[in-house]
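Q: Letter by letter, the chains look like this.
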Amino acid sequence: MTSKLEEFKDELETCFGTSCGFCERGCPVYQSMKVKTLCMKGRNRTMLGLIQGKFEISPAVVQAAFECTLCGNCDRWCSLKNTEHTRAFREYLLRHGVEPMKEHSSILASIKSYGNPWFQPRSARNRWTKGMNIPKSAPGKQEVIFFAGCTSAVTKQLNKGLVASAKLLQKAGIDFATMGQDEPCCGSTLLRVGQTQAFKELSEENVRKFKALGVKKIVTACPGCYTTLKKVMEDSGTKIDVVHISKEIARLVREGKIKVTKTSERVTYHDPCHLGRLGGVFDEPREIVDAVAKFVEMPNNRYEARCCGAGAGLQSAFPKLSKDLAAKRVAEAKSTGATTIVTSCPFCETQLRTVPGMKVVDLMELLLDATEGNGKNNNTKSAG
Amino acid sequence: MPQMSYIDELVSAIGKEKVLQDPSEKFVYGADWSPRTPQEFVPPDVVVLPRTTRDVQRIIKIAFEHDIPVVAGGGLTGMLGGAVPIHGGIYVDTTTMNSVIEVDAKNQTVRVQAGATLQEVNDAVHPYDLWLPHQPESKWVSTVGSAIACDNDSTFGVRYGKILNCLLSAELVTGTGEILELGHRKAHFTSSGYKLKDLLAGSEGTLGIITEATLKLEPIPATRQVDMLVFPRMGAAVDYLSRLLKAGLCIEAAHINCKRRLNFYTHSYRQKYGKDPEIPAWAEALLAIAFAGDSEVVESQRGYALKIAKEFEAQLVEEREIVEAWWASKYTLEFEPFKQKWPDSQTKKKFGAADPGVPVGRLEEFYHKFISVAEKHNLEIIGMNAYLEHPNSIGFSLSCAVFVDYRNADEVKRFREFHDELSKLAVAFEGTMSTFMSDTYQKAPYLEIEHGASLKYMREVKRLFDPKGIMNPGKKFPREALK
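Residue numbers (my numbering), protein chains in the order written: chain A, 378 to 761; chain B, 79 to 561.
You may find that some hints are simply not true.
[Stated by the list, open to error] Label pairs and their in silico Cβ distance ranges:
1. ILE434(A) <-> GLU399(B): 25 to 35 Å
2. LYS385(B) <-> ASP660(A): 41 to 51 Å
3. LYS608(A) <-> LEU323(B): 54 to 64 Å
[As the list claims (entries may be wrong)] Using 25 Å as the maximum straight-line C-alpha spacing, the simulated DSS-like pairs for lysine-lysine come out as follows:
4. LYS96(B) <-> LYS700(A)
5. LYS411(A) <-> LYS94(B)
6. LYS408(B) <-> LYS458(A)
7. LYS697(A) <-> LYS408(B)
8. LYS411(A) <-> LYS184(B)
9. LYS431(A) <-> LYS96(B)
10. LYS518(A) <-> LYS533(A)
11. LYS96(B) <-> LYS705(A)
12. LYS507(A) <-> LYS518(A)
13. LYS507(A) <-> LYS533(A)
[What the hints assert, rightly or not] Anything over 10 Å on all C-beta distances counts as not near chain B; from chain A, calculated:
14. SER396
15. GLU401
16. GLY419
17. LEU427
18. PRO436
19. ALA437
20. VAL438
21. HIS473
22. SER483
23. ASN536
24. GLY550
25. ARG631
26. THR638
27. ALA704
28. THR716
29. ARG730
Hint data in this document are derived by calculation from the structure and do not stem from the laboratory.
Here the structure is a predicted model, which means the values were calculated and not measured.
Cβ atoms here follow ideal geometry from the backbone N, Cα and C, with glycine treated the same way.
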């Protein structure tokens, strides 16, 4: 059977022949390591050599496959489907006897047992909604579901962003429900670490669940869930719309359903890879930040934003490199003179917080803090 | 005690983490942009990632001791195989040496490790309102060291020249492991001694490895205006440029494209409008020209240039989208996300070129030769570019480009024949075989056609710097010639 990787052979040969290396400049891993096997040009070559039988699978080959955040910056500069190549590469290795990295196999085990990648009981998903009077979804009851995402739901420090999101939806009068402890994992992590079969099974189950609830729209605060669910829903042919919270809320602000006041605090915005480059959502988060604070742009922004280093299993399997990437991004944010980095992704938020020196705030928290009638806001107060 | 292999010695000298030995890793470092068949592909025997000049010295000393080839490379974007190892040995990836050592804003100079990319240098000096104007299209990836060693082209050559015009001083580790500083420190020029520094331009790593360089910077112009004019003949565009220089205009960039070549650069236009750019049917040459500086100066120079244009049967391209698509592709490299030019034009075949230089008055004649030679070898023609590359003068580098499928041995062979024929023809035209790709292995067998008896002196220079012939063997001179 031809593997997905072999289907990309023509593209890999194109890259091998062209050798332009434009992918190097924005690749956070390459820029940190300066080893060509770890940029996309080198990785494409490694894949080609492997399927051509030039060498066997080795620890260096496995490293080339997995030491990447799949941030998609290389795709910005190239018409080849580089991140898809890398995912196919990972899948190829797992199919050819490479044991999943222990950090990655534990993710799979946890999703199977607990429905989330972080070994937290299913009931942990209920924590953040306590006292908020949000209905639990039931078949045919609500058309809109707020999908919290595993990471924010089961991590106490990240609950604030979810609470803010839900409060803002409530303020704007949106009728929505959550799935509580029945909310499934979207499977994003499985997809990124090459566990394609497990991802496929999980996604099929998820589509059945959403269909059974009669949902029309899924609003999520997690960019990973956003791109993953959006693609799964589109591929499955359901008409369920998947929207990131920033788009939903920006619209409500624009329509005047959420009223805000602006402070003079200098705030910069970090584009999460899955929301920006991979999800195409750039403007709405900026619109929100600009409405409530003095927005300053980092030198590398939008399509060229540098990855925080958390993605695609890098944080779990290569923690030192991952942290180095975070430090570089925070340094870039500091260079703007901003005091706060706003982002809209639980992974980016956690990752950027590991570097001391700057306040890191979720986009929805920032906005909630600036809404009229929130009580906390008074033109001098900043979120945090 | 068994004798250590040279690779063991490398590990012990510079550290295990800087030595890559896995076959998959070596495979990655063996190829550049040059059309070579998979059968010709020879990965290096080991890859090293030095961080300092001392690391490079240790590596070369070990290679010297064991008589092992040493090939230094940067971005591996060369189009004629200058930095690919063809005899195996040690590949020295210089991109791990990319520190910016000192910016002297007052003197407008920067000292860098030679593995810094041209863009990294520009990122570092931008806060001082300075820039390094040596700007090939590969600037994001091409390093300072490889720009010097390959002597590649620059978009802004007509105002600032090429890298040698920016190079004040360079540190070189020779083929014996000796560390030399060649040049005149921070002084912008000198009348002292032999100009050994100039030997480095186009030396292709055959004399040693460049480890640091002091480069002259220029103030960043406040504005830039790019225009495109069409001409009925290439010769008319050349005459026009000559006239502009006589008039005293300070041109920042000037590129003549033949009509076919423009198509290679206007992908973003086609993506956006779904059609080819509309160029008058009579137009045979397209001149892209830029002026830069304070806006009043730019406006005045541009106005004068456009006024004179009428005398040369030229017509201004009014559709800004074509001009911008060309400039975006050529210089800013900004394009529609996911739909840009590299490598979408090359999914099936790759870009292959000859890079001769001919006397200015014979450009048109040579252009027709290029077309007939390409047709004779049954190669799909991309077209010709003539770049003004010498400060404030009319000297050209020529890119005579065709498509080549590197997987097709017969086509690669035909490309080589095409390349060699044009190179030799350029000498017959009283010109030169190379203007931006250097000689590499490709021109090595017939370098004597261009250099005659002086080639003997070149061999002696090589022997002085690299007595064992271990530095990038096979480039410029066939390997045996030095043995």
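Q: Taking the hints in turn, state whether each one holds.
A: Hints, verified against the model:
Taken as a hint, the range 25 to 35 Å is violated for the pair ILE434(A) and GLU399(B), whose Cβ atoms sit roughly 48 Å apart. In this structure the supplied range 41 to 51 Å holds for LYS385(B) paired with ASP660(A), their Cβ-Cβ distance being about 44 Å. Here the CB-CB span from LYS608(A) to LEU323(B) is close to 57 Å, well matched to the stated 54 to 64 Å. Under the criterion of a C-alpha separation no larger than 25 Å, the hint pairing LYS96(B) with LYS700(A) is consistent with the structure, at around 21 Å.
Only pairs whose Cα atoms come within 25 Å are accepted, and LYS411(A) paired with LYS94(B) is accepted, the gap being roughly 16 Å. This hinted pair checks out: LYS408(B) and LYS458(A) have alpha carbons roughly 23 Å apart, not beyond 25 Å. As the CA atoms of LYS697(A) and LYS408(B) are separated by approximately 38 Å, the hinted pair breaks the 25 Å bound. Note on LYS411(A) and LYS184(B): the hinted pairing is violated, with a Cα-Cα distance of about 31 Å set against a maximum of 25 Å.
Taking the CA atoms of LYS431(A) and LYS96(B), the gap is near 23 Å; set against the 25 Å cutoff, the hint holds. The suggested pairing of LYS518(A) with LYS533(A) is violated, with an alpha-carbon distance near 29 Å, which exceeds 25 Å. For the proposed pair LYS96(B) and LYS705(A), the alpha carbon gap of about 23 Å is at most 25 Å, so the pair holds. At roughly 20 Å between alpha-carbon atoms, LYS507(A) and LYS518(A) fall within 25 Å of each other, so this suggested pair holds.
Between LYS507(A) and LYS533(A) the CA atoms are separated by roughly 12 Å; this keeps the pair inside 25 Å, and the hint holds. For SER396(A), the non-interface assignment is contradicted: its Cβ lies about 4 Å from the closest Cβ of chain B, within the 10 Å cut-off. Distance check on GLU401(A): its Cβ comes as close as 6 Å (rounded) to a Cβ of chain B, failing to clear the 10 Å threshold; non-interface status is violated. Against chain B, the non-interface label of GLY419(A) is violated: not every CB pair exceeds 10 Å, the least being about 4 Å.
At roughly 7 Å, the least C-beta separation between LEU427(A) and chain B is not larger than 10 Å, which violates its mark as non-interface. Listed as a non-interface residue, PRO436(A) fails to keep its Cβ farther than 10 Å from every Cβ of chain B; the least gap is roughly 8 Å. Its beta-carbon lying about 4 Å from the closest one in chain B, ALA437(A) breaks the requirement of being farther than 10 Å from that chain. Not every beta carbon of chain B lies more than 10 Å from that of VAL438(A), the smallest distance being close to 5 Å; the non-interface claim is violated.
Remark: the non-interface label on HIS473(A) is consistent with the geometry, its nearest Cβ contact in chain B lying 14 Å away (cut-off 10 Å). Every CB of chain B lies more than 10 Å from the CB of SER483(A), the least distance being 27 Å, so the non-interface label holds. For ASN536(A), the non-interface assignment is confirmed: its Cβ lies about 34 Å from the closest Cβ of chain B, beyond the 10 Å cut-off. With a minimum CB-CB distance of about 36 Å to chain B, GLY550(A) clears the 10 Å threshold, and the non-interface call stands.
Against the 10 Å criterion, ARG631(A) stays outside the reach of chain B, whose nearest CB is about 25 Å from its own CB. For THR638(A), the shortest C-beta to C-beta distance to chain B comes to about 35 Å, beyond the 10 Å cut-off, and the non-interface label holds. In this structure ALA704(A) is separated from chain B by more than 10 Å, as the shortest Cβ-Cβ distance comes to about 18 Å. The claim that THR716(A) is not at the interface with chain B holds, since no C-beta of that chain comes within 10 Å of its own (minimum 21 Å).
Every Cβ of chain B is farther than 10 Å from the Cβ of ARG730(A); the closest lies at roughly 27 Å, confirming the non-interface assignment.
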